[in-house]
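Trainee: Given chain A's structure and the hints, the job is docking chains B, C, D, E, F, G and H onto it.
There are 8 protein chains.
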Amino acid sequence: MTKVYVIMGSDSDLKVMQDCLAALEKFDIGYEVLISSAHRVPDETAQIARDAAARGINVIIAGAGMAAHLAGVIAAHTVLPVIAVPLSGSALSGIDALYAMVQMPRGVPVATVAVDGAFNAGVLAAQIIGVSDSAVREKLLGYKEELAAQVKLKNKKLQEVGYRRYLEG
Amino acid sequence: MTKVYVIMGSDSDLKVMQDCLAALEKFDIGYEVLISSAHRVPDETAQIARDAAARGINVIIAGAGMAAHLAGVIAAHTVLPVIAVPLSGSALSGIDALYAMVQMPRGVPVATVAVDGAFNAGVLAAQIIGVSDSAVREKLLGYKEELAAQVKLKNKKLQEVGYRRYLEG
Amino acid sequence: MTKVYVIMGSDSDLKVMQDCLAALEKFDIGYEVLISSAHRVPDETAQIARDAAARGINVIIAGAGMAAHLAGVIAAHTVLPVIAVPLSGSALSGIDALYAMVQMPRGVPVATVAVDGAFNAGVLAAQIIGVSDSAVREKLLGYKEELAAQVKLKNKKLQEVGYRRYLEG
Amino acid sequence: MTKVYVIMGSDSDLKVMQDCLAALEKFDIGYEVLISSAHRVPDETAQIARDAAARGINVIIAGAGMAAHLAGVIAAHTVLPVIAVPLSGSALSGIDALYAMVQMPRGVPVATVAVDGAFNAGVLAAQIIGVSDSAVREKLLGYKEELAAQVKLKNKKLQEVGYRRYLEG
Amino acid sequence: MTKVYVIMGSDSDLKVMQDCLAALEKFDIGYEVLISSAHRVPDETAQIARDAAARGINVIIAGAGMAAHLAGVIAAHTVLPVIAVPLSGSALSGIDALYAMVQMPRGVPVATVAVDGAFNAGVLAAQIIGVSDSAVREKLLGYKEELAAQVKLKNKKLQEVGYRRYLEG
Amino acid sequence: MTKVYVIMGSDSDLKVMQDCLAALEKFDIGYEVLISSAHRVPDETAQIARDAAARGINVIIAGAGMAAHLAGVIAAHTVLPVIAVPLSGSALSGIDALYAMVQMPRGVPVATVAVDGAFNAGVLAAQIIGVSDSAVREKLLGYKEELAAQVKLKNKKLQEVGYRRYLEG
Amino acid sequence: MTKVYVIMGSDSDLKVMQDCLAALEKFDIGYEVLISSAHRVPDETAQIARDAAARGINVIIAGAGMAAHLAGVIAAHTVLPVIAVPLSGSALSGIDALYAMVQMPRGVPVATVAVDGAFNAGVLAAQIIGVSDSAVREKLLGYKEELAAQVKLKNKKLQEVGYRRYLEG
Amino acid sequence: MTKVYVIMGSDSDLKVMQDCLAALEKFDIGYEVLISSAHRVPDETAQIARDAAARGINVIIAGAGMAAHLAGVIAAHTVLPVIAVPLSGSALSGIDALYAMVQMPRGVPVATVAVDGAFNAGVLAAQIIGVSDSAVREKLLGYKEELAAQVKLKNKKLQEVGYRRYLEG
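Protein chains in written order, with my numbering: chain A, 4 to 172; chain B, 4 to 172; chain C, 4 to 172; chain D, 4 to 172; chain E, 4 to 172; chain F, 4 to 172; chain G, 4 to 172; chain H, 4 to 172.
The hints are simulated quantities; they were obtained by calculation from the structure and are not laboratory data.
Because the structure is a prediction, the values reported are computed rather than measured.
Idealized CB from N, CA, C, for every residue including glycine.
Among the hints, erroneous ones may be present.
Said to hold, decoys possible - Stretch by stretch, here's where chain C covers chain A in the computed footprint (C-beta under 8 Å, at least three residues):
#1 41-47
#2 77-83
#3 104-111
#4 144-157
Said to hold, decoys possible - Negatives, chain F to chain E, calculated, CB over 12 Å:
#5 17
#6 43
#7 48
#8 54
#9 152
#10 155
#11 172
Extracted from the complex, chain A is given alone in its bound form:
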């Protein structure tokens, strides 16, 4: 069952945004991935946003670069939570996209994650769904333990072999 829309402005964004899909798959959250540009197909983008709630979507994730309006335009047409992923790749290294997303005016927020933080957008979507879906919340708790276990394992290895051999791999 589709719970999340992952929308990006261009297919060149897919390489970074696939991290987001990996995260959603990890938490067994259904999604649809769409290419839809706020500037090139504005009416279609608006329509997607307007219809999302009725189609059972819980969260919309929007990834875009440069003057990244996609998330804001979507948020203008829905009251679902919209997560914004600013993408680097321009001469301004994604600061343009970050400011164009995070600085939304009063009344129409988007939830912005790090530049190129597509994976975290997926995790945040899971956290939002987890508010009312205990199965997802359980998976998030498991993931948190997994993250901790990875750090501990790496640290254990570092203690055992020392930093020089650790760096050699």
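Mentor: Below, chains B, C, D, E, F, G and H alone, put in the same frame as chain A:
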């Protein structure tokens, strides 16, 4: 019934963060407002975050300035969605807080809003709760119409009186 | 006869944007001034942009602050030239609005002027209209002479009275 | 018939600026491309700008990097619309050129596009010419449809093959 | 005997630039102060630069704000050393003027001082003149001692009265 | 017994730097406060740095603004730890001083604190002295408890009176 | 005997942070190197910080990138001096980590060094230990002479062979 | 006869700074190139600066990266004009060096050129020497013509072959 924690690092943040409370009240969402610093009372802050889900909290909003670690520290201890409000007021005008919040590493996102965007943090919390709470979602739809109506009213007045008289008040 | 739309996202932008109207009046260019937000009344904004050409509009000027999507959203719906005025006033002093406007992606440009450069937006609109309207071009040439004359007059006074008395007024 | 001057400060700018020429060719707009530096051949640059209108030029596009004065210097000598393309390539990644172009003082605007946004400069020139040239405007409307069709086609393919196969090409 | 031109783009720059004149007076260096804009009276500005050497000028100081082209335009027309004073006052606090001045391309340097550093521009002009004028160099050595003496005097007072009374005045 | 030098480049820095003295007094750490500029009295500054260790100094704190070289110049002449306080007040809001201090090259570090973070410089000096001075370390532990107690007290009051009355004072 | 903890948020930081270990080895200072993330294993990180003083640690060095909270979180749990190494590698080139570390709020400082300045963090740790350990201070004085000797040797070679042959190696 | 010192903080700067030497050779200006660090051999650096005037030096050029204090430290010890070349190469792309050089405080200016603008530093030194040395000034005038001729030649070729063949080489 308390659904949202609004946590700030210092009581000097309350003046900006009260906008957030106003937003939550607008949507009839129960909240508790807390002062708890990631750097001054780290154990209490961690405890608040760890206990939040069990206490029925759905969303945590954290407002802080400068090297604003509060949202990230809370996110380290919970899988609830955490909304970050970077606060200006330092010599760097809140860019320090913005970067310290939005650039969270892989696995532990926070949902960042605009610098001093406390009101929007409240709206975003409502949107997250609205995913599973149709009453809140209805109120959000009403608010969206209200926003639109205000713009239309102002534009109507502008057309009627002209910009010179509009500016005179 | 209306040739230019001057659109702003909020009536709080009018104080800066009135400079733009003064410029258009100087060149006897008909205009309409509208409040219409890309985020609060997106459909109305799109409609205004879509209908502009048919209504005889030549140029659209859009002023907005923060994550300023207004100009880009309008440009998505028209092939008329769109001039963007990034407005300061946020914690980021208008750099957010500048990046959100000037960094438009391939295919959908907006013509960006300086932060708070509302007057210049009006002059640029006149220059665009002047491409095919010799009366406006004549007025622009007159204005250019006027600008030069002002500088020369000020310099002449400075040479006559010296800098100390000049500063005293 | 030449309608647009495309001027750049150095032949090293041509690699980026050729995108601009491609855009003009797409809309069948006649152009001349010139190398002329505001700092190395200032008199020739001024002369080109002064003569442009009499030679039937409608729009001047200027591309330059670093302390990019070319567009401003040209705008000082003409009332034709001047489009500025800030070029990256310096240690400051084009932010220097962006600020040196977009922040023009009162009375002498230039229409600035994105850093390295040469293609969009060509589109914007076409939009300006399209104000009074319905053939160009028709081509712009066609281009807008083409842009939309490309996005829809890509999205259609993505829906059909899924993101993993899409990324494999 | 006039040795230095102090040129500014607008009479509103005079309030900051008068510091420069004070410095030149301190070293008994003759100067002329001129208002001449690179964008509003470009031909006059070029002429001033071209004629400067023949009129016995040794150094040209140019102060301007925003997209500050004045120093670069002057440097295009002379081989005299040109000192640039970036002025704040815009929304971007003078970073725009700094980048527009200091980032001059290969072959045409300007000597840039701090944002609003008008006094230092005068000292730098004196240092340049002092290369071949021993009387000015002597005065510079005297000024250096004066600067040192001031610091020592303040420190002496601080040691005597303590910081609390020092702060009270 | 003097343990810390607090050096600033100008007496205008004293207003901010007095916070540092307050911190040192809080931990009963003897200090001398000096005005000594890296650019105006370079030899005296070097001498102070060279002699500091022999005079029993443990830590040197240097506060300066703009192109803030004071801390680096001191660090060039001593192996004592040097704490740098970047000061705002220039057009660049202290980012100039921050970069000029924190980005020290390999081999000659300075320990940089926040822009205008004079109080923290004092606390950091105490922490450094506390490495080998258990009395100071005890005071630091007491201060940490005090900080925590203040936050808890404020939070307690907030819970009791609610945010509206809290804001009224 | 372990005197210094070198903690990093991820094993991907080890490649830069090993410079820090090289510095500590140079001054014969015992250290332990640990991987421990403020966001993934917050309780372990807090515990390490809380126990450090009792285990005889004198200084803690923390290296992290992006929204780098590691140093601040550690400083919240100890009164030992904490040295912060902001790491580049993100889209924002380490400015995010720099601001997230250096801008610590009143009462809880960290001593920040340059972006990727891991070696200097080790030298600074030695300087702090050298306050009370004359053997380390002697080694620091020796290192300072070594640095000077290297520069002099390079300059001597440059004078002997000229810059062209020097560049050839 | 040596007229110019070209000083750099490290031999790794020589690769960029050799452009400066090429410029000085072009104008037949005698120079010495030195490696001398403000932080590693501060006394030698001060001595070089203090002795420069007596040894007949007219201008000192200083190139350095990161927290680039070299130019300011030299300027503290001489009244000769000091030209600063901020070098990129750090994580902050030379903005750190730019701010650390250009923002010199009142009384002690340095003449800053573009990031990595070593060639222009040489030209500026020639311009300063040319104030009193007509042979150098003649060479500068010749160089200005050469620059112009190069641009014209490139433009001529572009007109002849068209941009496509020009780009092919």
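Trainee: Each hint should be assessed against the structure and marked as holding or not.
Mentor: Each hint tested on the structure:
1. As drawn, the stretch 41-47 of chain A meets chain C at 5 residues by the rule of a beta-carbon pair under 8 Å; at three or more, the given contact holds.
2. Judged by the Cβ-Cβ criterion of 8 Å, the stretch 77-83 of chain A is covered by chain C as claimed, because 3 of its residues qualify and three suffice.
3. Three residues within the 8 Å Cβ limit are the bar, and the stretch 104-111 of chain A against chain C gives 7, so the coverage statement holds.
4. Judged by the Cβ-Cβ criterion of 8 Å, the stretch 144-157 of chain A is not covered by chain C as claimed, because only 0 of its residues qualify and three are needed.
5. Distance to chain E contradicts residue 17(F) as a non-interface residue, since its nearest Cβ pair spans about 6 Å, not more than 12 Å.
6. For residue 43(F), the non-interface assignment is contradicted: its Cβ lies about 4 Å from the closest Cβ of chain E, within the 12 Å cut-off.
7. Not every Cβ of chain E is farther than 12 Å from the Cβ of residue 48(F); the closest lies at roughly 9 Å, contradicting the non-interface assignment.
8. For residue 54(F), the shortest C-beta to C-beta distance to chain E comes to about 15 Å, beyond the 12 Å cut-off, and the non-interface label holds.
9. Listed as outside the interface, residue 152(F) is consistent with that label: its C-beta sits roughly 28 Å from the nearest C-beta of chain E, beyond the 12 Å cut-off.
10. Residue-level check passed: residue 155(F) sits 32 Å from the nearest beta carbon of chain E, beyond 12 Å.
11. Separation of residue 172(F) from chain E is adequate, the least Cβ-Cβ distance of about 28 Å exceeding the 12 Å criterion.
Checked against the numbered hints above, the structure breaks hints 4, 5, 6 and 7 and satisfies the rest.
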